[in-house]
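Going down the list, the sequences are from chains A and B.
Position one of the first sequence corresponds to residue 1 (my numbering), numbered consecutively onward.
Position one of the second sequence corresponds to residue 231 (my numbering), numbered consecutively onward.
Be aware that a few hints might be false.
[Stated by the list, open to error] Which bits of chain B does chain A cover? Going by a derived footprint, with three or more residues having C-beta under 8 Å, they are:
no., stretch
1, 274 to 284
2, 375 to 381
3, 401 to 409
4, 415 to 425
5, 436 to 450
[Stated by the list, open to error] Examples of chain B residues lying across from chain A (beta carbon under 7 Å, computed):
no., residue
6, Ala260
7, Asp316
8, Gly317
9, Ile343
[Unchecked claim] Here are the in silico distance ranges between beta carbons for each label pair:
no., chain 1, residue 1, chain 2, residue 2, range
10, A, Asn147, B, Ala414, 43 to 51 Å
11, B, Leu358, A, Arg136, 19 to 27 Å
12, A, Asp28, B, Lys381, 28 to 36 Å
13, B, Arg443, A, Lys123, 19 to 27 Å
14, B, Pro239, A, Gly26, 43 to 51 Å
15, B, His449, A, Tyr225, 31 to 39 Å
16, A, Lys123, B, Asp334, 19 to 27 Å
Worth flagging that the hints you see were computed from the coordinates, not collected in a lab.
Values in this document were obtained by computation on a predicted structure and should not be read as measured data.
We put the CB at the ideal spot given by N, CA and C, even for glycine.
Protein chains: 2
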Amino acid sequence: MQYELYYWPGIQGRGEFPRLVLEDAGADYADVGRDKDGIAKMQAVMAELGVPFAPPFLRAGDVVVGQTAAITSFLGDRLGLAPRDDGGRFAALTIALTIADLVDEAHDTHHPITGGEAYETQKPEAKLRAAGFRDRRIPKFLGYLENLLAKNGQVLAGNEISYVDLSAFQIIEGLRYAFPKAMAKQKIPKLLALRDTVAARPRLAAYLASKRRLPFNEHGIFRHYPELDG
Amino acid sequence: MQYELYYWPGIQGRGEFPRLVLEDAGADYADVGRDKDGIAKMQAVMAELGVPFAPPFLRAGDVVVGQTAAITSFLGDRLGLAPRDDGGRFAALTIALTIADLVDEAHDTHHPITGGEAYETQKPEAKLRAAGFRDRRIPKFLGYLENLLAKNGQVLAGNEISYVDLSAFQIIEGLRYAFPKAMAKQKIPKLLALRDTVAARPRLAAYLASKRRLPFNEHGIFRHYPELDG
Numbered sequence: 001m002q003y004e005l006y007y008w009p010g011i012q013g014r015g016e017f018p019r020l021v022l023e024d025a026g027a028d029y030a031d032v033g034r035d036k037d038g039i040a041k042m043q044a045v046m047a048e049l050g051v052p053f054a055p056p057f058l059r060a061g062d063v064v065v066g067q068t069a070a071i072t073s074f075l076g077d078r079l080g081l082a083p084r085d086d087g088g089r090f091a092a093l094t095i096a097l098t099i100a101d102l103v104d105e106a107h108d109t110h111h112p113i114t115g116g117e118a119y120e121t122q123k124p125e126a127k128l129r130a131a132g133f134r135d136r137r138i139p140k141f142l143g144y145l146e147n148l149l150a151k152n153g154q155v156l157a158g159n160e161i162s163y164v165d166l167s168a169f170q171i172i173e174g175l176r177y178a179f180p181k182a183m184a185k186q187k188i189p190k191l192l193a194l195r196d197t198v199a200a201r202p203r204l205a206a207y208l209a210s211k212r213r214l215p216f217n218e219h220g221i222f223r224h225y226p227e228l229d230g
Numbered sequence: 231m232q233y234e235l236y237y238w239p240g241i242q243g244r245g246e247f248p249r250l251v252l253e254d255a256g257a258d259y260a261d262v263g264r265d266k267d268g269i270a271k272m273q274a275v276m277a278e279l280g281v282p283f284a285p286p287f288l289r290a291g292d293v294v295v296g297q298t299a300a301i302t303s304f305l306g307d308r309l310g311l312a313p314r315d316d317g318g319r320f321a322a323l324t325i326a327l328t329i330a331d332l333v334d335e336a337h338d339t340h341h342p343i344t345g346g347e348a349y350e351t352q353k354p355e356a357k358l359r360a361a362g363f364r365d366r367r368i369p370k371f372l373g374y375l376e377n378l379l380a381k382n383g384q385v386l387a388g389n390e391i392s393y394v395d396l397s398a399f400q401i402i403e404g405l406r407y408a409f410p411k412a413m414a415k416q417k418i419p420k421l422l423a424l425r426d427t428v429a430a431r432p433r434l435a436a437y438l439a440s441k442r443r444l445p446f447n448e449h450g451i452f453r454h455y456p457e458l459d460g
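Turn these sequences into a full structure, and let the hints steer you where they fit.
Right, here's the structure in full:
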């Protein structure tokens, strides 16, 4: 069966989290949003199905699943990139959803008032929100992940690399791009070691070196605006 | 087995979503945060387990699960309040996570800059954020749910009332409390009918009339600040 991933073209955004799972597993998938007429196809499928509120979403036969962490959890279970026992599975889902919250908060640093208007319309508020994000939220979230690694071993849940470790890789990459100065101050050696382990996995290394891996840019979730990095 | 729900006492907050599932199912559960010394117990368990980033979380034997929608999905599966086929299960999870996003956005109307400081320190920004929430986000999210009901029938996912319908009840209650004027303008007859169906379920009706159902207040997620209701 071919998986169909639907996400906006041109940005990594939230779509990159399920894409990393598909790439690491070597799964057969169509990246529909990047097709010619991909956006129109995506909008037609959303209107037909009703369930996805917004991209990303995945179609896998009769299953349609939206919401980043739910997609990665679903794929992790199907593709052997998730713990197998319920204790590990629900730990992984909990952590993945916590990472999704961190992604939301990263987004809101540049859109603290409304997602319906450009960053440039809300710069003073963005500066205020970004300060709290840098000073309190990044250390709190990354300290939480670092603590989990101290408790659980070299991976965040279960005994082997799972989808949630791939998501941890992506959040480190995104935050380093957007907030290089703030990230240089974090003391997260275990998390950075996990990031390196993930980046070195053969299929992911090939993906990351390919043109399929888009560069970060100022249209996505993780945006580098120096004025927001303190 | 007795379920252990952990959440802050004194507010409905995010804990109310799993609580509604437990109550509707007539499950045996301890509402640990509301015990004498409940907060200390909760913090001790969080420190021991590592996995929950924040309340609410649930302990069910060897499983520990945090994040509102993940808890309700887990409980729905275990307690017969979820669709049984994968198509329905993942539709329910997707919708539950979308409702959780709406809860986050409702929260951020009164804390647009930082959750670390009181509403009173961020009132001008709150007014701006609340305007976009009322004018664009409430109609978009509730219109999405209304459309799902038009497609799927009288419930949001599957063929019978599930945990996600209970979550829809709660978001309607919360938004009506916080934004009565904005909510009076919404055209969502199917969603309001679902709300009434849920409220009339015998165990839930008993719960809602009991002292266990706390009133909304200005310490929770849904706060009634008239200046934010337009």
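*Hint by hint, which ones does this structure get wrong, listed from lowest number up?*
3, 4, 5, 6 and 13
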